[in-house]
Amino acid sequence: MGLPHLRTFAVLKKIITISFLSIYLFSTTELSQLLKLPSLVEHYIEHKQENRDITLWAFLCMHYAHGIVKDADYDKDMKLPFKTSDGINLTITAFTPHNFSTEIAKPVTNETKSFPSYNEVFLASSFLSNIWQPPRTC
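Position in the sequence shown (from 1) plus 247 gives the number in my numbering.
Just so you know, these hints were derived from the structure itself, not from any lab. Treat the hints with care, since some could be wrong.
Taking lysine-lysine and the BS3-like style, the derived pairs with C-alpha atoms no more than 27 Å apart in a straight line are [to be verified]:
1. K317 to K295
2. K323 to K283
3. K295 to K283
4. K260 to K295
5. K295 to K330
6. K317 to K330
7. K295 to K323
8. K317 to K283
9. K326 to K283
10. K326 to K295
Let the hints inform the model, and build the full structure from the sequences given.
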C-alpha cells in the first residue's frame, strides 16, 4: 500500500528538481535565448517567402556569420536568439537557519607573525646560475 505513495513522491521530487534547475538555468545563463526560437522560425519563413531558394544554413549564415548588418529588417534580426543579451541576472541565495545563541564566543587574539626579510633568505646569484649551466663531465 505504501509503494504507490513512494512512486508519487519520487515523481513529484523529480518534477520539483527539474523545475528548480530550469528556473536557475534560464535566469542565470543565456539559456533563456532559446525562448526566442519561435521568432527564428517565423523570420526564416519570411525569408523563404521572399526567396524560395534560401536554405536554413544560408539563413543562419546570413544572420549569424557576417556580424550585425543594418538592413531593412534589422529590428526583426535583433529579436533572433543569441543576437543580443537580455542582461537578466538573478542571484539565488540560500539562507540556512542558524541559532547564534548556542555558538560559543571565541576570544579575539592578536597574533604577530614574523616573516623573513630579504636579507635573511638571500641566495647568491652565482649559486642560482649554476642551474642553467650545461652538464659537466667528470
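Results of checking the hints against the structure:
{"no.": "1", "hint": "K317 to K295", "verdict": "holds (20 Å)"}
{"no.": "2", "hint": "K323 to K283", "verdict": "holds (11 Å)"}
{"no.": "3", "hint": "K295 to K283", "verdict": "holds (19 Å)"}
{"no.": "4", "hint": "K260 to K295", "verdict": "violated (44 Å)"}
{"no.": "5", "hint": "K295 to K330", "verdict": "holds (20 Å)"}
{"no.": "6", "hint": "K317 to K330", "verdict": "holds (13 Å)"}
{"no.": "7", "hint": "K295 to K323", "verdict": "holds (15 Å)"}
{"no.": "8", "hint": "K317 to K283", "verdict": "holds (20 Å)"}
{"no.": "9", "hint": "K326 to K283", "verdict": "holds (7 Å)"}
{"no.": "10", "hint": "K326 to K295", "verdict": "holds (18 Å)"}
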